[in-house]
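Chain by chain, the residues:
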Amino acid sequence: MYGLVRRGGSSMSLAEELLAHARFLANLDPRTTSQANIRRAISAAYYAVFHLLAAEVAAQVSPDIPAGLRERTQRALDHRQMLKVAKAFSQAGATRAKDLPDDIMLPDSVSQELASIANIFKELQEARHLADYDVLKQFNPIDADTMVQKAEKFFKDWKTEKGSSNTPVFLAAMIFGKDWNK
Amino acid sequence: MADLNFDPIIGEEVCVLGRMEFFKIINVQPSCRIAPPNLQNIAAGALGLGTVDLQILGNNTILEGVPWALLQYNDETRPVRRTIEWLKTNPDGRRYPDYIVDYEVETGNDHAGNPSIFVRFLVDPDYFYENGRASQEKIAQLNEFTDEVQQTLLSLGLNRWTYVRAGEARRELDVAS
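Top line first, the protein sequences correspond to chains V and B. So the first sequence is numbered by the numbering used here: it starts at 1 and just counts up by one. So the second sequence is numbered by the numbering used here: it starts at 1001 and just counts up by one.
Quick caveat, the hints were computed from the structure, so don't treat them as lab data. Bear in mind that the values here come from a model prediction, so they are computed numbers and not experimental data. Possibly wrong hints are sitting among the right ones.
To be verified - Only pairs whose alpha carbons sit at most 25 Å apart, straight line, appear in this in silico PhoX-like list of lysine-lysine:
(1) V/LYS98 / V/LYS178
(2) V/LYS159 / V/LYS84
(3) V/LYS162 / V/LYS98
(4) B/LYS1138 / V/LYS153
(5) B/LYS1138 / V/LYS159
(6) V/LYS156 / B/LYS1138
(7) V/LYS162 / V/LYS84
(8) V/LYS84 / V/LYS178
(9) V/LYS84 / V/LYS156
Claimed, not checked - Over 12 Å on every C-beta distance to chain V, these chain B residues come out as not near it, computed from the model:
(10) ARG1019
(11) GLU1021
(12) ILE1084
(13) PRO1091
(14) ASP1092
(15) LEU1154
Stated by the list, open to error - Between beta-carbon pairs, the in silico distance windows are:
(16) V/ASP108 / B/TYR1096: 30 to 36 Å
(17) V/LEU28 / B/ASP1098: 26 to 32 Å
(18) B/ASP1124 / V/TRP180: 45 to 51 Å
(19) B/GLY1018 / V/GLY163: 54 to 60 Å
(20) V/LYS159 / B/ASP1124: 29 to 35 Å
(21) V/HIS79 / B/LEU1057: 41 to 47 Å
Ideal Cβ positions, reconstructed from N, Cα and C, are used throughout, including at glycine.
Bound conformation, chain V alone:
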């Protein structure tokens, strides 16, 4: 479970709901689907992975009592900082994360799964920006399918990576990394 349980009738987390919504939109008949559906599928795919990470970051750095504190912590996340961290962890096998302070050591080299998570986040954030704002760009159904499947892979890889020794550094950098060089 990632994040708040919603009150709209579903027991899924917001991240899971967004992923399901992205899949629903991507599965619409490609012969009749619209630009709006494709763009919303890509956007929902990004926000699914964003909210998954946001919930995980908040769970790591904030207690859940009093009620709402952890959810409020998620609001402190900044998309660009998260993008920087994703870039820093995007190369599988790397023994240190680029742009992190020298004294922040990675316990292990970056795994295939963490590199995949980082790259997918980076790709989806850029695609989301295009989908939401670039009205000149023409999207096609395969764009939605590839991006939604990337988000699904992200969720799968996260399950594998979540307990790894690098994950605490990855998550902490997402929210605090910009201030580590003060």
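Given the coordinates of chain V, assemble chain B onto it according to the supplied hints.
Chain B only, in chain V's frame:
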């Protein structure tokens, strides 16, 4: 990636350290050493290996025997294009998918302002659609391929961020026309 090299090739446009003109490579004396991409302007020439003959663009003046070390490549997409061309030879047991009909490589900034290189593989949509639906298995194969390309490009140590994705070839062309 042992056989991936970034040696100069005939037809490439280059600058030469200390010269103002633009040149075209008209002859290459091959190096016996494979330069890694981050040393492509240094290694071979620094060791005295490899020279090129150049023609100044716009006239017939020829410069002979210019060491590779002095060449400067203006096209920042060069290492990416060369890597993709290398991938097309199916090296190291990798497979360059048949359904990719073309690719585009562009420089620019991403939405956050980071200098980036955008790679877009244009795919034949007929390969992906079965009974009017995209095959999820084939989409997964496509994503695996673009992920592999992404990791290969990351290993080059480029200064720009790389974004690798795919798009439908035919529909793109329809839109363009």
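Outcome of the hint check:
1. V/LYS98 / V/LYS178: holds, 13 Å
2. V/LYS159 / V/LYS84: Distance of about 22 Å is within 25 Å: holds.
3. V/LYS162 / V/LYS98: holds, 21 Å
4. B/LYS1138 / V/LYS153: Since the Cα atoms of B/LYS1138 and V/LYS153 sit roughly 14 Å apart, the hinted pair holds (cutoff 25 Å).
5. B/LYS1138 / V/LYS159: Holds, at about 24 Å.
6. V/LYS156 / B/LYS1138: holds, 18 Å
7. V/LYS162 / V/LYS84: Holds, because 20 Å separates the two Cα atoms, which is no more than 25 Å.
8. V/LYS84 / V/LYS178: holds, 9 Å
9. V/LYS84 / V/LYS156: holds, 22 Å
10. ARG1019: holds, 35 Å
11. GLU1021: B/GLU1021 clear of chain V: closest Cβ-Cβ about 37 Å, beyond 12 Å.
12. ILE1084: Non-interface label stands for B/ILE1084: nearest chain V Cβ at 17 Å, farther than 12 Å.
13. PRO1091: For B/PRO1091, whose nearest Cβ neighbour in chain V is about 19 Å away, the distance exceeds 12 Å, so it holds.
14. ASP1092: holds, 16 Å
15. LEU1154: violated, 5 Å
16. V/ASP108 / B/TYR1096: 30 to 36 Å: Once the Cβ atoms are compared, 32 Å apart, the range 30 to 36 Å for B/TYR1096 and V/ASP108 holds.
17. V/LEU28 / B/ASP1098: 26 to 32 Å: holds, 28 Å
18. B/ASP1124 / V/TRP180: 45 to 51 Å: Holds, since B/ASP1124 and V/TRP180 (Cβ atoms, about 46 Å apart) stay within the stated range.
19. B/GLY1018 / V/GLY163: 54 to 60 Å: Holds, at about 56 Å.
20. V/LYS159 / B/ASP1124: 29 to 35 Å: Check passed, 33 Å falls within 29 to 35 Å.
21. V/HIS79 / B/LEU1057: 41 to 47 Å: Once the Cβ atoms are compared, 44 Å apart, the range 41 to 47 Å for B/LEU1057 and V/HIS79 holds.
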